[in-house]
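All chains should be modelled from the sequences, with the hints used to inform the complete structure.
Chains as they are written, first to last, in full-length UniProt numbering: chain R, 1 to 481; chain X, 1 to 349.
Each hint should be verified, as a subset may be incorrect.
[Said to hold, decoys possible] No more than 30 Å apart at the CA atoms, straight line, and that leaves these computed lysine-lysine pairs for BS3-like: (1) X:75 <-> X:23; (2) X:310 <-> X:60; (3) X:54 <-> R:66; (4) R:350 <-> X:54; (5) R:23 <-> X:75.
[Stated by the list, open to error] Chain X stretches covered by chain R per the calculated footprint, using a threshold of three residues with CB under 8 Å from any CB of chain R: (6) 57-63; (7) 141-150; (8) 240-252; (9) 302-313.
If you are wondering where the hints come from, they were derived from the structure by calculation, not from laboratory data. Glycine included, every Cβ here is placed at the ideal spot set by N, Cα and C.
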Amino acid sequence: MTIRSARPDRGQHFRPRMLCLNKLEVIVVEMQDPKSGVTGSEQKLNVTTIPHVFAGKDIIAWIANKMKTPPEEAHVFGTMLVAFGYIYPLQNHKMLVMCNDTSLYRFQAPYFWPTQKWVADDSDYAIYLAKRNIRKKGMLEPYEQAHYNHLHKWLNHKWDFIVMQATEQYKAGKERKKPDRVVFDCQERAYWILNRPPRRTHSAMDCGPERLIDPNEDEKISFDQYRRKNMFYQQAIMRSKVKSSVSLGALVKYITTYKTHDPFLAPCQPSNPWQTDNDTYWTLNMRGVDVPTKMRVERWSFSLFELLTDLRGRDDFKVFLKKEFSGENLAFWEAAEELKWGTGSSMSAKAETIFKTFLAPGAPRWINIDGRTMGLTVKGLDHPHRYVLEAAQTHVFLLMKKDTFFRYLKSPVYKDIQKKALSPETHNFSPAQLEQNAQNRSPGIHPIILWQQEEEEKAKTAAASAPVDVKAMMSKIDRKK
Amino acid sequence: MACQGLQKGETLASLKTESDGLKKKLEVERGKLNDVELHQVAEKTEVLGALSIKTRRVLKGHGAKVLCMDWCKDKRRLVSSSQVRTSTDLWTREHGVSLPCTWVMACAYAPSGCAVACGGLDNKCSVIPLSLDKDENLAAKKKSVAMHTNYVSGCTFTNSDMQMLTSSGDGTCALWDVESGQLLQSFHGHTADVLSLDLAPSETGNTFVSGGCDRKANVWDMRSGQNIQSFESHESDINCVKYYPSGDAFASASDDATCRFYDLRADREVAVYQKDSIVFGASTVDFSLSGRLLFAGYNDYTINAWDVLKGNRVSILFGHENRVSRVKLSPDGTAICSASWDNTLRIWA
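Structure follows, in structure tokens:
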């Protein structure tokens, strides 16, 4: 448990919903059924005999049988029963795991079961520690001692009450029969290890920062919220939907298209760097590579989005567009993206450049969009905002998607790169070579360096492809004359 | 929308009845176009072969629970955040940055690879520029960008380093300009903590989905701040939402021990991934590159891999010794990284 020194109110709020508790309780009750449950035995612990003790492997076998799961899954489930505190270990009581062997466990009393409704109280913990302090004559474990000191400080105002309660409980405990007392002590200790886990214990009650919503309360909805909800439902009812066969068909088609490109379903060529510790796959697929791989080139043909997202593909597309003298559409799209995702302060400057370069009458890279969109866009540029170019950008993108993209796929540029593309041979490393590879792992070029290189490239191409200012040229020539 | 008083004839009860009626009507409308189920469409797809996924790396070095992680676009580096007693380590594999904040619940790598963002119980989300100089004090350059009125549960950069989306325990999501720290758009509609968000991968990139403790998964339009679609079929808090690679669907993981798959165009839930033996909440999900596999991390320390189309579980990954807090596919799909409360990260391939 983290002791947050800045906040006195600790862990008394709402936890995440623990829906699993109900299901776990049902299972735990079944496990303890004398006829169909797990078979237990008696065990001697020091001098006392403790009843109803179970071996880890028996519990796991019962779970595997009941839930029809493989043994590893049953083992995990067993561990979770311990981590939630329904079962506690008799040996190694700080390790809340179930071991698939003859280690001994007992079922926790329902009094100590975890509940959603209330959390383990600090006052109760203080009483428990005080009681333990009395019994152990001041010899608490280090983590317990730390908690004790902390609680003594924070609950100082209640301390007399706490000590009184602790003494009462201690006296009452002494009057019980020895086996009962030992059992109760084990149960209580298990409860507190679960709710105030020591440092290396993984407890399922340790669930991190609280959520702000109370899982025990029903949601209270105000009339205004209802009104909004109703409006939303009405809009949702009217919204056009697609037939399931169509949309699900599209999802399946996507999977089928990409199945050979998914490293979990089909092997990477030449090999998955994580499996063989050989970087070739990454080196072959870098941003600035001269000749791409066949898989990469194939992926460009799946959609315009894929082609543009892979910057190497975008370069190839630009080569094609240059040949067709229709590079302005893509250039406009790129500029509009920069405007949309850029900083607020650079927006007006960018908007002006875009207007001068692409939209103004007689602009050097004038894009051909319909009159209405052009009109709206130009008007919007008077007061530029992030999405001012949205309409024009969508128009241009659709144009590229429906026409230019397909012409690209049929073009000599694409066919050429398809021919040139590499098809690396599958690696076949021996175990010794794999060892060697593991020794020679490298982190690759730092992304900051890659980014700097890319920025330089961008600046160079921008300068090279900047439209020629005819007037300036003419005046230069005039001056020379 | 102005908060008006109750109109004549309206009572809380009448509004509630109207609401329930409309909800049923919506289900009927959704059902009208439901001409086929996912597993029927998937009958023609071949069955997946056995997967052999193993742990390839175990990253130790955090001194406490690892809460979140994100991959860098270079496919090998990652940033992870954790909780270490009173201070937090924001950790890329080269640097360790200490921040004066407990429980850094969200972290993200910037698209350029030059910065990371993180946020948590300090109610803020900050951006830290990275440096090639290993000895530089990165914490000094930390810049607060997002300010919420409660904890920050998720954050992600948009298509550039300049904008950031955050989700918060105060029930809202927000879009921020990183340079100025200005709030560009806020998204209201959840009635409880928002625990997760994910940006759409589609070409327009203008929508995102969020999931929260009110059991709803909402789809938002980033331009207008409007809630476009909402799905309410989980029985408990939604811990994580993730888009399908094509952007036309998304998956969610919840404390009710199920993961669900929603089709955005058909506007309904199309699959539920659950098993009687899986009783503990799912805290995180991610798809494989083709969308065929769904990896989900659970509170019983395991990761299950589901066949998205056929609905059955194809693999269980054991190895973590405490809750799995985050599962994320690497940018080129070659590996899955899992972060856990057992203080380690594992890379599986």
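Check: Which of the listed hints are not met by the structure?
Finding: 1, 2, 4, 5, 6 and 7
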